[in-house]
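My request is simple: use the sequences and hints to build the entire structure.
So the protein sequences, as listed, match chains A, B and C. So the first sequence is numbered by my numbering: it starts at 2 and just counts up by one. So the second sequence is numbered by my numbering: it starts at 17 and just counts up by one. So the third sequence is numbered by my numbering: it starts at 10 and just counts up by one.
Every clue listed holds true.
If you anchor each label on the Cβ, the simulated ranges turn out as follows:
hint: 1; chain 1: B; residue 1: 282; chain 2: A; residue 2: 335; range: 50 to 56 Å
hint: 2; chain 1: B; residue 1: 562; chain 2: C; residue 2: 131; range: 50 to 56 Å
hint: 3; chain 1: B; residue 1: 253; chain 2: C; residue 2: 359; range: 48 to 54 Å
hint: 4; chain 1: A; residue 1: 370; chain 2: B; residue 2: 418; range: 57 to 63 Å
hint: 5; chain 1: C; residue 1: 131; chain 2: B; residue 2: 150; range: 46 to 52 Å
hint: 6; chain 1: B; residue 1: 566; chain 2: C; residue 2: 195; range: 35 to 41 Å
hint: 7; chain 1: C; residue 1: 81; chain 2: B; residue 2: 150; range: 46 to 52 Å
hint: 8; chain 1: B; residue 1: 337; chain 2: C; residue 2: 195; range: 26 to 32 Å
hint: 9; chain 1: A; residue 1: 11; chain 2: B; residue 2: 422; range: 41 to 47 Å
Residues from chain B that face chain C, not an exhaustive set, calculated with beta carbons under 10 Å:
hint: 10; residue: 218
hint: 11; residue: 220
hint: 12; residue: 491
Hints listed in this document are in silico derivations from the structure and should not be mistaken for laboratory results. Even for Gly, the Cβ is constructed at its ideal location relative to N, Cα and C.
Residues per chain are reported as follows:
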Amino acid sequence: MIVEGSLELKDYMYEMRRCMRCASCKWLDHIYMPDNRFVYRCPSYGKYYFSKVAYGRLKLGLALTEDRLKDSPGMKDMVFQCLMCGSCDSGCKRNLDLEINYSLEALRGHMVQDGRYPKQHQKLIDNVVKTKNRYGLPAKERTAWKPAKAKKKSDTVYFVGCGASYKENKVAQATDKILGKLGGYMLLPGEQCCGHPLFAMGHYDAFQKQMEANLKAMAKTGAKRLVTACAECYKTWKVDYPRLMKKSTSDLPFEVVHITELVDEALGKGELEFKGKLDMKLAWHDPCNLGRMSEPYTHWEGDRGQWGCLEPSEGFEAKQFNRGTAGTYEPPRNILAAMQGVEVLEFKRHHEFSWCCGGHGGVPEAYPDLAAYAVDERLEEAKAVGAEAVVSACPYCKQQFEAGQKKRDHQVQVFDITELIAQAL
Amino acid sequence: MPKVTEKVSKAAYNALQNIVGPEWVTDDVAITESYVKGGEIHDCIYQRGQQPPGVVVMPNNTEEVQKIVKVCMRYHLPYTPIGAFWGVHCGGKVPFHVSIDLSRMRSLEWDEKHMVAIVGPGQIHSPLQAEAQERGLYTMTPGGGSQAAVIGNMLTCNYSPLNYRLGLATRRILGVEWVLPNGELIRLGSLATSDDPYWGEGPGPDLRGLLRGYLGWWGKVGIITKMAIKMHPLFLPERMKPVERGMLSTLEFPDNRIKWYNFRMPSEDAMRDAMREISRCEIGAAVMRVPTIWRYRGKSRSREDFWSKWGPDEKKIRDSRATSSVCRVLLIGYTSEEQLKYEESVLMGIMDEVGGELGRTKQSDQSWIKNADSAGMWWPAGGYVSVEFVVETLEHSFARGKTLLAEKESKFTPPLVDEYGEEGWIQMTDMGHTSYFEFLIQWDPEHPLGKYESGEYKAWEHWVASQRTAIDHGQFTANIGSLSVMGLTGPAFGPNYGVIYDKVRQAVDPLDISNPPLDLHDRVIDEFAPKWKEDYDFQTWTDLMHDGKEWWKVLTSRGIEWKDCLPEWYWDRDDKEIG
Amino acid sequence: MQIKAKLAEIVGKEHVDATRKVLLPYSKDHSLLECNGLADVVVWPDNADQVHKIVQLANEIKMPVIPVSSEQHFHGSTLPKMGGIIMDLKRMNRILDYDVPDRLVRIEPGVTWGQLQPELMKIGHRAIMPLMPLASSSVVSSLLEREVPTNPRYEYGEPMTSNEVIWGSGMRFRTGSASVPGFPDKADSKGGNPEGPGTNWYRFFQGAEGTMGVVTWSIVKFEYLPVIDKAYFIAFDKIGDAIEPLYQMQRRMIGNECLLINNQVGALIFGDGSDKTYQALKRQLPPWFIVLVLSGPPRSPEAKLAYEKKALDEVCANQPTVLRVDESLPGAVGLERKLPDMLRKPWPAERTYWKHQLKGECEDLLFIAKMEQAAAFTELVTETAGAHGYDVRQMGVYLQPIEQGRACHMEYQFYYDPEDETDKAMVKALYMDAAAKLFEQGAFFSRPYSLLSPMVFDKARGYTNTITRVKEVLDPNYIMCPGNVCF
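Structure below.
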């Protein structure tokens, strides 16, 4: 019996056995390969080489499941020197039907259950569990950014997220302004960390608790829509929450929307108009969790029959494969294109093969060298396409880019799209 | 029980570390485990001979490669060079081997005016194609896929319909830098006497003869650390643009200079006549007969979608077998737009005469200019291999196809996927002097039918049988050399090519250190399918040449036998439940 | 038993000779290499079985074997440097079979250009040839020597496919797809693929000057004979001015036969052999000119000529000074009609070979280069020739583009009087000097014959060591043409 989204490593024998090392998890889509410089889609491989990429991890998973290997000094690094950015999954699915993301998540969970995970993750985990935010800061400071347009009750809940609440206040403030022009919003009472970092680091039990708390709070609001300006929170609410409940995104009693989708829709309807003129050449960075990782989740159960064909159980239809191509890509592009004075450049690695900024999967905490490599690569790529600025839609991408820019002075400005939208309004 | 647990010694490991630095060498099993090609389900039983390495080392330049090879020599460590590791045959066969992973060596240099690219062993095809097109050039991406290493592929396969105009790989290799198994560095072609690798012949008798044959050695004669290869002039003012994304990503064709045509042919004779005449008139960039199953695959969006159509259409396909094959032609206006128009009119004239009907044809490509879909071969059933992929004349292609089909249908289907009378894929090569023929088979690797009966076994047996039938019918086969049952092909072709083949290999690898052994497939059969020796009438190479005694010097010098190298779980494999 | 008797047992006594008078001509050829000795015996085998036995015998008695297939030789490769058996293959002159649909023909080594081309032309085809070889030259030898064809159109090059060879070890072997059991009569394979079995054996005896084995038949590609042709000429004052247009023409795949020659070569090729015509041509022909033949295939030939001519005109108009494309050559009236045929046929047997017309002999300094090096190399050779006292107005220069201009064959021809020892010595000194200088400047001597072998193989030491190891497998007793190449 196959249950979509299982977190058990043994449920991915098919994936681990059928991987043929075609390395689509490592290289960009060959049709789009731009040149000899920006060739990889996997930052882990680009930094560490060897087989520190999905195909290597799947073979390790197979050996663990078949009891051919127990442990080794390098095993933990092999599993956790990975941004869990999902690029490998969409690479593989260009041609095949293997669930790479699920396999890697299950492998990570397996290691966590055995207590074999980077000790540097523990602080972040403890922070979320104890203080309900990833920074370990007082819960009451979550709304210190001053939500000017928040109402007591609304059909729209703005889920701010830890990043914008505590560190990137400008994102929250800009979103506040935008939502104010679109009819207002309410905050989620008792908002806690969505749990994304726990999930990304393989701590699924702890994640489950965050999920339950937030869902309960959301249910109490009766709101029909949850909007966020954080890609990680967006993906978590839209994909991971229904998945762990064994439901589909469409089964949620509310819609999960990213701020860029709202703004794009509003621009299209004439509800918003850009007046201000900006003056910049910018490159749009597709955050992993807004793009390839955020396709709606469709729960599925069934079996695998002859030729490997999937046979749905009763009540289910044919399995949907999320290949990363149907993520939220066009709304931010439409928004930027509508701004005056802005020249929007495309990175060489874009859409579902966008290069991860390096701020994900517990990597900045445990492997700062990998995080630094990833962000430096991306900033070099920005310069290579002629950009003066990088724009993204996730506070964590912004933090990463700012850190990279500060440390090694790439001479590239960094913005969150909400800041530009607010400025252009 | 396996006796060999020997790791690479500390002294050898330290020596390797001193060469590349500690971050570029590892013996951690979490990593080495993944250096066995393809896991269990990829090609076939011949993977059973493969082992994780004792050490993986990643050099960054030729000098490091040389030093590593010398360390291996000193400590009698067999090594396996790998580029992209896309070819299953690259995998090492003994547990203490050194895997020399050349992925860091992705250099790419150009002599644009003379249409030469000089690549390192870690370079793959799609960046090469991208950079080539920026320079008004293009290259041939092989059927194996963009992800294949350029050098590795040029040394082994490198077949594509574009061979029609561009020739076989062996002729597109120019100057070469080569680290022999004893660590000596030699240079071929013009690189032998200068720093410019633009020309490949000689000097004098041409050592490129030792780089490969119809197929290659898969790392058995050392390591190529640099290769200059022929590029070709791009016939467009700028590079081709990618469109669509995901499964549909493709290069858009400006159809005034490059254009596909799909013709439905009324008979096999019409197909043959058209292919010959197109070649005789020297038009075209590619001419091929496309297997029916590929049309179904191309139109399906999932495996389930494929099977929902393929299964029910059996009768329809069988009944229209002669006409269900498509003649697919690519025209390129190399000289000008007028050339394409001219060739199109000639093509239509030929097709009119033979009764070919032009069908709808998408003007894009995801397979030959920048191949992105080769992994899709595994998609319909999970197990796939080409039991044959040979270049010979057109009639030979038809004959070989009929031979292999008869064999497949009578002995191996099921469990192989029934392709309803498909006689294989044919592409004209060398402007029609020859044609490339490929016979692809598929099976479900998860179907637990057990030893000798499973899809995996039947696929492999089909491969062995195909060598037997090649010998019996005087047919050429790709399965000669290290990709063959040496005991079968060694005495038959040449005749006795096996003797000088092995001798010439030993001349450059006296220690049998470079990805041994030569006769892997004989050994695997001896272990796992010994009954085939009688069924197909052969002795193993070791029995024929060495009286059944172990001959690899890297093993015999340590008192080890190959049998001792196989891990325990291989023997359990056939009995255990799969899935 | 004496060698002659043993050989007689194999080939019959009328096909063996050890008399001085018969042996003497084999110790001389058109090259500058002096051969001081004689072979021990000459034998004329009729078939591969006999060749096989001869090589086996030679191994037993450790006697050198020198295979010879053409009537005349130019590079010193067939001179018996250490005595031995001259194996003259001229009786093996059968065209064994044709495969017209695949355009392949199987021929013995004694088949000459004069024999093969007319036969192919009878069936509407032709083999791709180097520049006007002697009619009596062996086709197989030409291909083994990697002589560069005048038609750079075919990217895949290399007309030779499968072969039968008797290795120096005495092993009889078929290469390529002819290696299948039962070839040719009981096999589906037609020998069209040169590769394998196992490794590319044919490469070892190409460029090997007979040092690896004796080829007893080869399968050779041929192409359709064009239905119509049109020759064009583009004149230049300096060789350097011709280079960029050549690059551009070649990249756009315009035309079939294409070569660049100076008026010296032109005067010899296009003359009638008389001094009067030669002098007139020397005066009237442009200093340098490209010869380009546009050809029409079996279908819609005029349409092909039309688009190629248009492209040619575009290239010529695109030069810094617009180039004139002439349909005839000054001083060579009517040549344009005869030229395509001339380029597809060997030099007429009844006429003195064009290279020998001027003074009786000619030494070719040939190598591979990039076209962009042609001007500098020509200047260097001209200077060197002048310094040695050679009349540079009589230096032949021939540039043959290869495969769409990715490289070229360069050939400098020095004519001399073989009876004049001073003249000969001067040309030899000039040849060696020019070769050394060119080598230093990056000229690639891909087939370094006799006099130049040490220069090349000493530099390519690693290569030399490795090919020697291969030789030791294929000719362990070193009986095949000792003294040739680096062996």
